[in-house]
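Taking the hints into account, I'd like the entire structure generated from these sequences.
Residue 128 in my numbering sits at position 128 of the sequence shown, and the numbers go up by one each step.
Below, a list of computed lysine to any residue pairs in the SDA-like style, where the Cα atoms sit at most 25 Å apart: (1) Lys172 <-> Lys214; (2) Lys273 <-> Thr344; (3) Lys55 <-> Asn85; (4) Lys62 <-> Thr44; (5) Lys321 <-> Phe376; (6) Lys55 <-> Pro162; (7) Lys403 <-> Tyr390; (8) Lys273 <-> Ser230; (9) Lys273 <-> Thr229; (10) Lys394 <-> Phe306; (11) Lys403 <-> Arg391; (12) Lys167 <-> Thr58; (13) Lys321 <-> Tyr363; (14) Lys336 <-> Gly268; (15) Lys167 <-> Gly61; (16) Lys54 <-> Asn164; (17) Lys54 <-> Thr77; (18) Lys281 <-> Asn302; (19) Lys273 <-> Gly158; (20) Lys383 <-> Phe316; (21) Lys281 <-> Pro233.
What the hints contain is simulated information worked out from the structure, not anything from laboratory work.
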Amino acid sequence: MKISLPYLKTLSIAIPLVVVAMLFAYYYTQGHLPGAKASASATTAGYQNPIIIKKGGTYSGKWESTDSEVAAVEIRTSEPVVIENSSIRGAGYLIKSWGHAANITIRNTEGYGLAPTPWFLYEKPRRFLIVNDFRHVVVENCYLEQTAGIYIGDAYKGNGNPHNTIKIRYNKARNIDGRIYNGWYRSQFVQFNYRGSLPHAEIAWNEVINEPNKSLVEDNINLSNSRGTSASPIRIHNNYIQGAYPYPADSEEYSGGGIIADSWYEDGMGDPKQVATAYVKVYDNQTVNLGNYNYAIAGGNNIEVFNNRAVNAARFETGDKFRMWTQGLYGYDFYKKNATFNNTFHHNVIGIMGRDGRNDNHYFPDGTVQEHSNVFMKGQITKETEQAEYRLWKSKLEKSGIKIGPNPKKTKEAPVLP
Numbered sequence: 001m002k003i004s005l006p007y008l009k010t011l012s013i014a015i016p017l018v019v020v021a022m023l024f025a026y027y028y029t030q031g032h033l034p035g036a037k038a039s040a041s042a043t044t045a046g047y048q049n050p051i052i053i054k055k056g057g058t059y060s061g062k063w064e065s066t067d068s069e070v071a072a073v074e075i076r077t078s079e080p081v082v083i084e085n086s087s088i089r090g091a092g093y094l095i096k097s098w099g100h101a102a103n104i105t106i107r108n109t110e111g112y113g114l115a116p117t118p119w120f121l122y123e124k125p126r127r128f129l130i131v132n133d134f135r136h137v138v139v140e141n142c143y144l145e146q147t148a149g150i151y152i153g154d155a156y157k158g159n160g161n162p163h164n165t166i167k168i169r170y171n172k173a174r175n176i177d178g179r180i181y182n183g184w185y186r187s188q189f190v191q192f193n194y195r196g197s198l199p200h201a202e203i204a205w206n207e208v209i210n211e212p213n214k215s216l217v218e219d220n221i222n223l224s225n226s227r228g229t230s231a232s233p234i235r236i237h238n239n240y241i242q243g244a245y246p247y248p249a250d251s252e253e254y255s256g257g258g259i260i261a262d263s264w265y266e267d268g269m270g271d272p273k274q275v276a277t278a279y280v281k282v283y284d285n286q287t288v289n290l291g292n293y294n295y296a297i298a299g300g301n302n303i304e305v306f307n308n309r310a311v312n313a314a315r316f317e318t319g320d321k322f323r324m325w326t327q328g329l330y331g332y333d334f335y336k337k338n339a340t341f342n343n344t345f346h347h348n349v350i351g352i353m354g355r356d357g358r359n360d361n362h363y364f365p366d367g368t369v370q371e372h373s374n375v376f377m378k379g380q381i382t383k384e385t386e387q388a389e390y391r392l393w394k395s396k397l398e399k400s401g402i403k404i405g406p407n408p409k410k411t412k413e414a415p416v417l418p
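Structure (structure tokens):
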């Protein structure tokens, strides 16, 4: 067969591109991108240099990375790893595990975001925890401040038992912040972005408070093409979320908000009905003073949102009005992939102000999401109304006997392992 010169030219270009793509995939999962720095040093008194964990065990310590290119703690093993009674500071990822079917438990640990530094090839927001392939992830009784929250993707590698799931419970977070060096990255308190059906997953009893002009959160909780099962839906319940603002906070445009089931789709991802977020229950949560929306479904099926509270005076502490949109609930097939069905909002309590009065308009335009028995609070919603919501939350914690944030008495001090 005669091969034309243009074909040879195409082939000569295609082969190097394939090689580059393979190398990039390897470096991406291993965390050693060409040109990236291999190490960083701690500068804060009492903190140790970044650590790489290559074997299972229980680890405690104080680790810091002042370089956005270097994770403060990197886990390169699929063996069970427990990080407890620790303090971690980072200008980029605080705790990272890519390509190792992670089995990670983090408890009684504090995480702080530091000033971000320049990044190489791709953005590295200050995630408290970022994993891609995973079997089991637990984050309990931790404290997060000025981090970009928790990201869990890309593939569930577990076997479906209760010890192969996700539990994010009893944590305190302050000022989820997606700002990076010379820019920003969409960041959440929690984002699920994995493929596969995962039973027994739970996001519960967390307190998240974001302050205007000190934070930059997108959706506080985002489920992106992540699925529970019909017998064991993902449960998002009894969380208190206060604050969701653009940066600067007096901007008119903002696309973030509270708790959302999202189902973006690209060609080649398979049957949309098998990919879309599904089997989720969102209940007994409180959202306060959020820009844009409080609870939403932008795609997915078999999702139930009920017994939640949404309270928003649409005012800052100064008394200044929000310039951005505010809304309680919305739901529809945003991506138009016909994978949005069997969804309901019911028995939620809503009190939302707009710039010039109450805004009780909900948005359910295409019939893919149903609503019934939702209740609107009476009268004006004020800052005092919002403060009453926080008192309600504190009372709920006390009555339930739940303590959030680090609780060193819960576990014994663990030895520091090499």
